[in-house]
Amino acid sequence: MSSPKADRTGGIGPFALGTIVLAVIVLALTGLTRACSVSSPGTVDRGSVQRIDVADATRSAAATLPFPVRGPAMPADWIPQSTDIRDVAGGRAFRLGWLTPDNTFVRLVQSNGTAEGLVASEQGEPQAGAPVSVDGLTWATYRGLRSEAIWVSDVGGVRWLVTGDATPARFVQLITVARGSP
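Take the sequence shown: its position 49, counting from 1, is numbered 49 in this note's numbering, and each next residue is one higher.
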């Protein structure tokens, strides 16, 4: 009795199947990379930026967090674009992010976690800098990933962290508005 011969009519061979799988992977990766973009300041299409409602996000966070949070009402040319709540060492953190009028990014993080845990959750192990003073509060400063600045201080019993690639003047503007917010 002879062994059966492979059916060479109508079956997909391993080479053809591998080529199809590879093509699907390449197409998927191409689609993913087109969904991501990196742009320098000044090149952001501000009309297409996702916007969030800071007041709603703050109300939701306040209902679930064991510390008071503030939702700064930034000027209209600041685009609120991100928010989340996450665990950090020693507590929780409420994060709000904006695209500034300069097309840079700045984030306010409010937390009951430790300063070290909060900084590590945002930027790993950044390099410490010189402290700065804003409206009578001293802020510890760091230089993080991608040269982003990090400022940390305690405000009304809540630890605040401000980070991003915005200018120090934008950090001060956010801090000043946030401190005056309910």
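Don't read these hints as lab results, they were simulated from the structure. It is possible that part of the hints are untrue.
[As the list claims (entries may be wrong)] The following label-pair restraints were derived from C-beta to C-beta distances:
id: 1; residue 1: Arg-46; residue 2: Ser-133; range: 15 to 21 Å
id: 2; residue 1: Gly-157; residue 2: Gly-47; range: 25 to 31 Å
id: 3; residue 1: Gly-124; residue 2: Ser-82; range: 17 to 23 Å
id: 4; residue 1: Arg-86; residue 2: Ile-25; range: 27 to 33 Å
id: 5; residue 1: Gln-81; residue 2: Pro-14; range: 18 to 24 Å
A virtual CB, placed ideally from N, CA and C, is assigned to each residue, including glycine.
Structure-based check of each hint:
Distance hint check: the CB atoms of Arg-46 and Ser-133 are about 32 Å apart, inconsistent with the given range 15 to 21 Å. The hinted window of 25 to 31 Å between Gly-157 and Gly-47 is violated, with their beta carbons roughly 39 Å apart. Here the CB-CB span from Gly-124 to Ser-82 is close to 19 Å, well matched to the stated 17 to 23 Å. Between Arg-86 and Ile-25 the beta carbons are some 31 Å apart, a value that agrees with the proposed interval 27 to 33 Å.
Separation of Gln-81 from Pro-14 is about 47 Å and departs from the stated range, judged on CB atoms against 18 to 24 Å.
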